[in-house]
Amino acid sequence: EAQVTQNPRYLITVTGKKLTVTCSQNMNHEYMSWYRQDPGLGLRQIYYSMNVEVTDKGDVPEGYKVSRKEKRNFPLILESPSPNQTSLYFCASSFQGTGSYNEQFFGPGTRLTVL
Amino acid sequence: AQSVTQLDSQVPVFEEAPVELRCNYSSSVSVYLFWYVQYPNQGLQLLLKYLSGSTLVKGINGFEAEFNKSQTSFHLRKPSVHISDTAEYFCAVKSGGSYIPTFGRGTSLIVHP
Chain A
40 EAQVTQNPRY LITVTGKKLT VTCSQNMNHE YMSWYRQDPG LGLRQIYYSM
90 NVEVTDKGDV PEGYKVSRKE KRNFPLILES PSPNQTSLYF CASSFQGTGS
140 YNEQFFGPGT RLTVL
Chain B
1069 AQSVTQLDSQ VPVFEEAPVE LRCNYSSSVS VYLFWYVQYP NQGLQLLLKY
1119 LSGSTLVKGI NGFEAEFNKS QTSFHLRKPS VHISDTAEYF CAVKSGGSYI
1169 PTFGRGTSLI VHP
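If you read the sequences in order, they're chains A and B.
Each number in my numbering comes from the position in the first sequence (counting from 1) with 39 added on.
Each number in my numbering comes from the position in the second sequence (counting from 1) with 1068 added on.
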């Protein structure tokens, strides 16, 4: 089954404790992206990746890191989480091309609470 | 540059009534337009998309949207809603020259019995 998986689905942590949220897709997509969803603000893009070893900042990258060592995986790293990073996080992937219309496939979400 | 405005943050409606969720976009080039739906405690899934051709696009669950180039709009409609349509709806635009889609802030559709 074609899908995007995220782990963990729920996480409660404390300020300053490094954490990683994993994202994996099995559709051989080039493009992957991380979003955070907050009430009243919709989806805001954190980082995206066009392909392996190619990443770039989205609209709200501060406090986050990503890596793309393999095509299927795109982990989100919070080196020193703070309470303002409490949010619902989504990973997404799609085929790539400037002229293409490809829809994005979303993971189920990770609800993060930073105390 | 591309941008999307969803004009209503929340739309309450009674079951079996018609509904329209509004979306306006701006882009200087040709666009691809999408509506995604997010059911409670789930990720987003594609509802429908406009790529080219007919301006009336039909999607899943009885939804449809009409692309209006002169008004730069892509409003989502359903003639008769069900309780199960209660969800968050996101409009998105991707310009022909862009790698990255832009999402609107979302519209919460609340269907009352």
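Worth flagging that the hints you see were computed from the coordinates, not collected in a lab.
Just so you know, not all the hints are guaranteed correct.
Covered stretches of chain B, as calculated for chain A (at least 3 residues, CB under 8 angstroms) [as the list claims (entries may be wrong)]: (1) 1111-1119; (2) 1169-1180.
Listed below are several chain A residues computed to face chain B (Cβ distance under 7 angstroms; list not exhaustive) [stated by the list, open to error]: (3) D77; (4) G81; (5) L82; (6) Y103; (7) F129; (8) G146; (9) P147; (10) G148.
Owing to the predicted nature of the structure, the values given are computational and were not obtained by experimental measurement.
Glycine residues also receive a C-beta, built at the ideal position from the N, C-alpha and C atoms.
Hints, verified against the model:
no.	hint	verdict
1	1111-1119	holds (count 6)
2	1169-1180	holds (count 5)
3	D77	violated, 10 angstroms
4	G81	holds, 3 angstroms
5	L82	holds, 4 angstroms
6	Y103	violated, 17 angstroms
7	F129	holds, 6 angstroms
8	G146	holds, 6 angstroms
9	P147	holds, 5 angstroms
10	G148	holds, 5 angstroms
In this structure, the hints that do not hold are numbers 3, 6, in rising order.
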